[in-house]
Amino acid sequence: MSGSTRRRFLAGAGLAALGGLACDGRRPQAGFLGLMERANERFQRALFDPRRLAPELPEEEESDPADFPAYRIGAVYPPPPAGWALRVTGLVARPLALGLDDLRRLPAARTRVRHHCVEGWSAVASWDGVRLSEVARLAGVDPRARYVEFRSFEPGYFSSWDLESALHPQTLLAYGMNGAPLAREYGAPLRLYSAVKLGYKMVKYLAEVSFLPVRTGGYWEDQGYEWFAGV
Amino acid sequence: MQPAPELGHRPGRTPAGPRRPQPALIRATHWANVVLFVILAGSGLRILAAYPRLGERGQDYGWYPFQGASPPAVLTLGGWLAGARHWHFAFAWLFAANALVYAVYFFASGEWRRRLFFPRRDARNAWGTLLHDLRLRRAAPPPVGLYNGMQRLSYTGVLAAAPLLVLSGLALYKPVQLPHLTALLGGYDAARALHLLVLAALALFTVVHVVQVALHPRTLADMTLGGRPRAETRS
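Chains as they are written, first to last, in full-length UniProt numbering: chain A, 1 to 231; chain B, 1 to 235.
So here's chain B without its partners, still in its complex pose:
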């Protein structure tokens, strides 16, 4: 059954008919992002290894638990500091460009409506899904359209965190030429801590994400091949 056209429907902004779960541009930018994220995380960790501390000289961040511990070599890319910096600053542009293509499509196509977390639609569902995933509730709430509430919450969190990665990276690259950005983030050393914190958060997300995909293999097929168009119930 097709959803009834909404009032104020604008062609091109609100796809009316059944849609594929994962449109081609979402799939392309998603898989490009996997490659770019691995390159940037690996080269970034190699850069961190050159001075594996947070805080300026002599003033370590109290809350950082790995002060002085180098990231495991197997997670790093670039071989040495200069090599890793070249990798990082070459692919950072591609990462940002890919994110920009995604963001433009995300909003222009209307995809944001079925992907972003809206508390009124998704909060209860997210809570129910979390209780189910933690084995505290037997029945999983059914997805609302494309995703369940917990998926929307975590994907929206990733979309909110990713710009922080770019902004803190720019502040580290140009702390003197971009003084307002650097000050806004709390200074050079705070930007460095934030850059690493966001990486850690996204890495944690990735682990949970991969586990969930392994439990629900159809999502992998959808993200690769697009999936069959299907009308989504609204609530």
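This is chain A alone, in the form it adopts within the complex:
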């Protein structure tokens, strides 16, 4: 290695090391911030107790429905495709296609917990649906599955979860809200709802649930929002 090559090499290595230490809010999953996100994920997983339930709240605590924000990622709230059914795929013994009537025939669950948004607000609604753990049992999830990907019929909208949070008793495939069928603004006909994640992990307009051996990203996660996002 000539002197100038070595100097260039050392300069390059130095820049790379600085890059590894850098904190860049535009690329928050790289450098030091990304390193700490991975450490924080380990902390969150260690703290997560699959049997711990978020407090179920009385009906009086429900927020005024007008105060519960509805968000969409596209220009409009997407209408469900004709003949909609939820596909359950991936590492499962019995891939399923469940229409709304099939889901309603499964054991119903209701949860009324505090909703925590990444933006900092909280609100309360009640959600009716089927526990994802129930659907996982029906489909016969393979032990090699460690992650669950939730895909929407809204193009590009998806998220992936750790299996433990997905199988938590307060994680539902919800078809009802506040005692009424789920409205379009809140993800009709079927959305994910959970007590143990931030709101942006709860995919609306569900089309497919896949049990996977590896994790994928997500619509918000790929933009830089934290992947684990437990509460």
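It is possible that part of the hints are untrue.
Facing chain B, according to a computed beta carbon distance under 8 angstroms, are these residues of chain A, among others [unchecked claim]:
| id | residue |
| --- | --- |
| 1 | P28 |
| 2 | D49 |
| 3 | Y225 |
Worth flagging that the hints you see were computed from the coordinates, not collected in a lab. Beta carbons: idealized from backbone N, C-alpha and C, even for Gly.
Got chain A; can you put chain B on it based on the hints?
Just chain B, lined up with the frame of chain A:
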């Protein structure tokens, strides 16, 4: 003149001889804290900007005067919500670790004796200092050892408030996994209000602190270089 050794003196816990006003570890953690506090305050304000209200949806806190007003962009760090959250949750650990190092040293070295506010020693002196600072009394009471009573009162207040910042932050980070902590603080939205209230209190302290340092530049030199060892009179 050296202070006489106290009865029950334990080596290592009660430094006997003259001490520097600011030992190396106090200085290091103090300046690290300045950097970490600025990062956490800036990123925290950027997180607040995503929903600049207190209280849950539809139920604003009545006493909060800035409902709906975003913090000025110049005070924020991280650029956008996800960036600020990454800054905040990365440096919160360093803030807590730095505070832990400080706390262990503070108690193990015996520094707490000359820094914490003890009413019998410091209350009168604090009152006299306050009257002097408000131009209501001409003579300032002399410091008792390292600090005057008002300094001890405000520094002890900061030390009491800082753990609330960490605890309310943990409750906001993990309201479901840390249910007892969250309930103890009055719930998620109360923890959010408390988190901001403590920040505001510490920011107010910082303003007064910087003004006082500007008026007494030797304290800045001491906090940077340590200062000369000096025996401190006891009372």
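Right, here's what the structure says about each hint:
no.: 1; hint: P28; result: 4 angstroms, holds
no.: 2; hint: D49; result: 7 angstroms, holds
no.: 3; hint: Y225; result: 5 angstroms, holds
In this structure, none of the earlier numbered hints is contradicted; all agree with it.
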